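Undergrad: Residue numbers (my numbering), protein chains in the order written: chain A, 2 to 660; chain B, 1166 to 1551; chain C, 163 to 514.
Hints in this document: simulated from the structure, not taken from any laboratory.
Bear in mind the structure is a predicted one, so any value in this text is a computation, not a measurement.
One or more hints might be untrue.
Think about it this way: if two alpha-carbon atoms lie no more than 25 Å apart in a straight line, the pair counts; the simulated DMTMM-like pairs of lysine to aspartate or glutamate are [to be verified]:
#	chain 1	residue 1	chain 2	residue 2
1	A	150	C	439
2	B	1456	A	266
3	B	1381	B	1325
4	C	194	B	1346
5	B	1456	A	330
6	C	411	B	1376
7	B	1472	A	547
8	B	1474	B	1443
9	C	194	B	1297
10	A	143	C	236
11	B	1334	C	192
12	B	1502	C	243
13	A	157	C	192
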Amino acid sequence: MKKLSFALVALLTAFSAPAEENHEHKHTPAPPRTHARWSPAMIDLFARLPIQEGGRVKPLSTFANFTLLALNGRRGCTTSAGVRLEPTEWLMDCFFYTEEAITYPCFLIQDAQVLDDLGLEHEGKLRRDRYSYADLEPARAKLFELGQKYDHIDAKERNPVQGQVVNLAHNVMLFERVAGFLTVFESTPTGADSAAIAAVFGKDGRPALADLLKRAAELRPFFGSASDDPHGTAAAGGKADPAFLAWAREFAGNSGGIALIPPADSAPALASWLTPGSIAEEALLHGTPMPDQIEALADLEAMYRLRDDRAAFASRAESFRKRVVAAAERRGEYAKVPLEVAFYRAQFFYYAQILFVLGFLLAAFSWIKPMRILPRLTAGSVGVATLLLIAGITMRCIIRGRPPVSTLYESILFTTGVAVISSMIAEYLNRQGIAMTLATVLGAAGMFLADRYEMQEKIDTMPSLVAVLDTNFWLASHVTTVTIGYGAGLLAGAIGHVTILGRLLGLKRRDETFYRTLTSMTYGILCFGLLFSVVGTVLGGIWANESWGRFWGWDPKENGALAIVLWELIVLHARFGGYIRDQGLAISAVFGGVVVAASWWGVNLLGVGLHSYGFTSGILIALLSFFAIEALVIVAGLAWGFGNRVPPDKPEGAVTPVA
Amino acid sequence: MRRFFTRIFDALSSTWLSIVVLSFLLLLTVVGTLEQTRTSLYEVQRRYFESSFVVHDLGGIPVPLPGVYLLLILLAINLVCGGILRIRKDSTTWGVIIAHVGILVMLGGSMVEYRWSEKGHLSLAEGSEAAEFTSYYEWEIAIAEARDRGPVTELVITGDRFMQLAKGKTARFTSPDIPFDLVVQRVFPNCEPKPAESGGSPGVDGIALVEMAPEKEAEADVAGAYVEVRPKSGGAAIPGLLWALERFPMSVNVDGKRWTIGLSHRRWQLPFSVRLEDFRQQLHPGTGMAKAFESDVTKTRDGIAQKVKISMNQPLRESGYTLYQSGFQQPSTRGGKWRSTFSVVKNPADQVPLYSCIVITAGLLLHFAQKLLRHMRTQKTMWRRA
Amino acid sequence: MLKPSPILTAALLSFAVCGCGKDGDAVPIDGKRVLVAPRPEQRMAAGTKMRFSGPSMDSGGGSAQAAMPTLAWDLPAGWMELAPTQMRTGNFSVPAFPGLECTITILPGGGGGLAANLNRWRKQMGLPALTEADIAALPRVKLLGADAASIVMDGTYSGGQEGASPGFTMAAVVLDRPGAAIFVKMVGPTAAVRAEIGHFRALCASLRDTSATGPAAGGADTGSMKWTAPAGWTQGPAKQMRVVTFVPKDAPGVECYVTVLSGTGGGLTANLNRWRDQFGLPPLTAEEIAALPTLPVLGRPARMIEIDGGKSGLFGLVCELGTQTVFVKMTGPMESLRAERERFIAFCKSLS
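Isolated chain A, as found in the complex (with noise of 0.2 Å):
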């Protein structure tokens, strides 16, 4: 790591200019461009390549994609020249032209107080703005340590910089481990430095890595059998070359990077992919021969050193990848990668956002100008967004091996699926318009937030299970269950807020079957989500007796679970005991959706219990805006409720009819 960050400093200092006088912004002015941009042909080589990282083989732009989120904020980099890369192309710069890279304003910092706090200057900049790795770098010491400081403090009690510092220093890790790593191809002894490779090259020998290792048994005696200490203890006689040891030692042991190269076809199935400098401990230090990984090392090398050089590098890069893909499909572990790269390219969601708005554009259209065509084109642009979204969720399913629901952010693409499905349904049975508007604001809604969560974590979206997880059957039943649950909830609760709004602002007074087909919306999809929730509560209940051998742990993602089925029962005698009815029932469907809302997100907060996946601010401030405005709503509908009063007219314990 520190050889990584001292090649990333040396560069820095051969390549800055002295920071001209006029200059707005402080930091290091880029040096002119001196390479061109990749071609499209080149980014989409790279963009397929697989790679190792979290566990699973993915696509080096999925890898690209989320590590540019998690430093930048945004799915792209523009350079201090203007020029705007996607992310592959941003890494393939890292890679190829660290120089250049380090310079990108590809660090987003939210408080300038930050910089404050490290000491660097930000004159010129806006508090929220974007730095380059040279810009951050001469703080960097002070940035780990304020890092490891902050990092002790709990989650809840840090302040917003603290924050802010943790994750930067994170971030700069980050960036250190990506860029540069290739830059040790620069490094390779030479035989006018060491003895070592003087012996086996020649004296004038510059050998290429991979030339290096695939002589590694002729170079292993110069490990001798001495310890250069520098307490100077005993050191045997022998062959040995401290500089070649002390190269070997930096770079073989150092296996930072990206695992860009498969291991050897006879590896077992869960074997790491190998680096650069894992090769290299591999060949020399352990004496084991990688003769196909090696070749790959020496098209990298070479993509390396003739980077400027664009058909030589084409024609490296496409027998890097056929040899990193053929051993790749020999061990049965590429076959996802195009569908994945296929997967981010086609923006399933974007797209289903941008129909479901269009979608309530048309319908909001129909309320000031009824015209025949307008709801038939707002169910097509449902439909179709529908569509995507579960083409979507399917070919999430498909790259993953997984059910629909196995982490928070796959709970709100379902989540929207089950409530935009299920109003399309309601629609078809009570033919009133109302459901299917409501389907296009639950389907914007539900991508809009998918959306910001991505942005908000971060990180790769589809990411390895624990241990627990690893089980298709009950992630598929008890899961897809519960979030069947949450879904009908949060849309009885959508139908209990048109039916509170529309009464106070006094919407279709006269028609009465408009608020009858309301009141029996909402009620039959209490039932539905009441069947799923009991179900999945209890096949929950069940997993975590085959599990950990006890049903109910009273934990608070359980709690909130049964609150939910609790509620819905409430709701359900009291509307049987004719305590509550049109209204009534209104309400209690919008607070039903609270109580979805806090057992979806809220547990998560606390901080306790198996289901904590740590504190984000963002989050609770998002859940206490949504609870206010509820809270608000509620109280209107009670208002009205109580201003409104029908008299009682049915007898305790009769069956209200449903028309």
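Place chains B and C on chain A using the hints.
TA: Here is chains B and C on its own, set in the frame of chain A:
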């Protein structure tokens, strides 16, 4: 008189009672969840979820509430009276009745589990063997005659008989098998031993037990007690102290024989022994996150040994006991051994939730499908008329 | 609606009655368990002393414990402290280098001697043993104020559970002193050890002995310290290393406690500036420290410092007694601290 019982039955079977009980259950669920940020889960479970009555501290104001145990009993009564006996029985209500029966089955199963289940853990290093498991929370005092070899009978006093001892009160335990009575004088749920001068209490042999606040996780509490051994034959009483993390139990000589008295977490015996052969942890490659972990064990019952693999989501079931792979411990020194921890449960009602789930699902599906069909038929009629 | 039914109420009340055992009556023991063989711990006829030895016994202990020192150190930047174990008083790892570990071990009775331990490690590293002359020729560094042997060895490490690991380096410092030997050892891949050797040296240099030794000549005996608790201060639960802890009742989040360290405990300047650093404040110069107010505590002028860290803060008092130093620290939210200021001063003055 008959009217009196009718009114009672009316009350117990009313929808109003259902709503009240369900509402209190909801309230207790919310309160008990929030309370977990302050108190250990075990404490919250004991006070809110397994009790009949609890006084909740709402910012200094004591609020009395019914405990979940009581509420579930009331719910069961209400389900039987209202949900099964009194409810109208026709084609529209069968679904609901079936669902109610399912819930009753589940409540019954949880009562069985509460009263008759044994839960604990068993932690084994690679190569070692054991035939008993230990509770996470419950305590016991075990008295045994000290021997070098051969079978030993331990007399066991379970924690429920002495841990709740109020300050100032003592408890005296006797048995025809031992020549003395054991008096438990003072009990500490969580304490540590210190030299007598600093503690302020007199102590025994210069060591005193100093009380500590309960830990956030109740499994980490270390109990202690001051005891006194009173020989039946009239000799002088021997004072002593017991501490759950002591290296050796208390040792006394009475009537020429040596006896040991020890305080520890409650132990139950298994009708078979388990030996850990190998523990394996699979990591997601390139990360420190566990993908899977599993243990190879040899189970020996009645002299017959059998090799079994226990992994997450795949427990070992034998003779009414189930062993789950619950965790592990890395060796703390290089060359040390891995330890695998199993969660051990004996629950006669183990499969009841699954059966009740099927019944409830069937009942609800039936009921709501009927309602939906009726609704669709009514809609069609409406449209035809319009 | 429903009128409360008397039978129901009675039934509910009956739940409230719990079965309490009556004091004094003998309860028969009915639990029995047959073991195939006695438990290992039951075979020992252990006296109280043998049953209860351990770290919790050290605070306030007598001279019998003096041989086992209690160590303190400054954690190097980038290092993480792991939980201590039976054998390891200090247990460290470095997140940036996963294969690296560093330990501090105290072995009572010398642990076998310098030569035996050094050669045991040499064997672990696959290296030949050192002769007495080699060992005498090893460089010496200062550890806890005494000369300790320092060695760095490269080789194939076989002390770990993975079998032989080549490309490893072990750096160790051994202090052989009467009563206890102290080893500070770092093992890991060579690149990692080389990267962190500076931090390792700094850790060794920062090691200090903080055991509360018994009454020493010429110093105040703090084993029997007395004080007057101010009004509204309740004594808090006993904690490791603290003589006493107080929690003012009306000041939420405030805690005040007294610790005693042997010697200078690090020194006045180091401690004051360490406290300042905890609140993100720059260190004080010697003049600023000399300008701090003093209070008469235990017959000497003790320096008092009030640190305002914005939302929370610290009041501290350092009383140097020569062979020991007494620290009184009160931390908490700034407003509550200010409210308790007078009581803090009164408490400090009341120490005797």
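Undergrad: Now tell me if each hint is right for this structure.
TA: Right, here's what the structure says about each hint:
Distance hint between residue 150 (chain A) and residue 439 (chain C) is fulfilled; the C-alpha atoms sit about 11 Å from each other, no more than 25 Å. This hinted pair checks out: residue 1456 (chain B) and residue 266 (chain A) have alpha carbons roughly 22 Å apart, not beyond 25 Å. About 21 Å separates the Cα atoms of residue 1381 (chain B) and residue 1325 (chain B), which keeps this hinted pair within 25 Å; it holds. A distance of roughly 16 Å separates the Cα atoms of residue 194 (chain C) and residue 1346 (chain B); the hinted pair therefore holds under the 25 Å criterion.
Under the criterion of a C-alpha separation no larger than 25 Å, the hint pairing residue 1456 (chain B) with residue 330 (chain A) is consistent with the structure, at around 22 Å. Note on residue 411 (chain C) and residue 1376 (chain B): the hinted pairing holds, with a Cα-Cα distance of about 20 Å set against a maximum of 25 Å. Between residue 1472 (chain B) and residue 547 (chain A), the direct Cα distance comes to roughly 20 Å. Compliance with the 25 Å bound is thereby established for this hinted pair. Simply put, residue 1474 (chain B) and residue 1443 (chain B) have alpha-carbon atoms about 10 Å apart, close enough for the 25 Å limit, and the pair holds.
A hinted pair counts as satisfied when its Cα atoms are at most 25 Å apart, and residue 194 (chain C) with residue 1297 (chain B) qualifies at roughly 14 Å. A threshold of 25 Å between alpha carbons decides the hint, and for residue 143 (chain A) with residue 236 (chain C) the separation of about 17 Å falls inside it, so the pair holds. About 21 Å separates the Cα atoms of residue 1334 (chain B) and residue 192 (chain C), which keeps this hinted pair within 25 Å; it holds. Using a Cα cut-off of 25 Å, the hinted pair residue 1502 (chain B) and residue 243 (chain C) holds, with the two alpha carbons roughly 21 Å apart.
Distance restraint check for residue 157 (chain A) and residue 192 (chain C): the Cα-Cα separation of roughly 50 Å exceeds the 25 Å cut-off, and the hinted pair is therefore not satisfied.
This entry does not satisfy hint 13, going by the numbered hints stated previously; all others are met.
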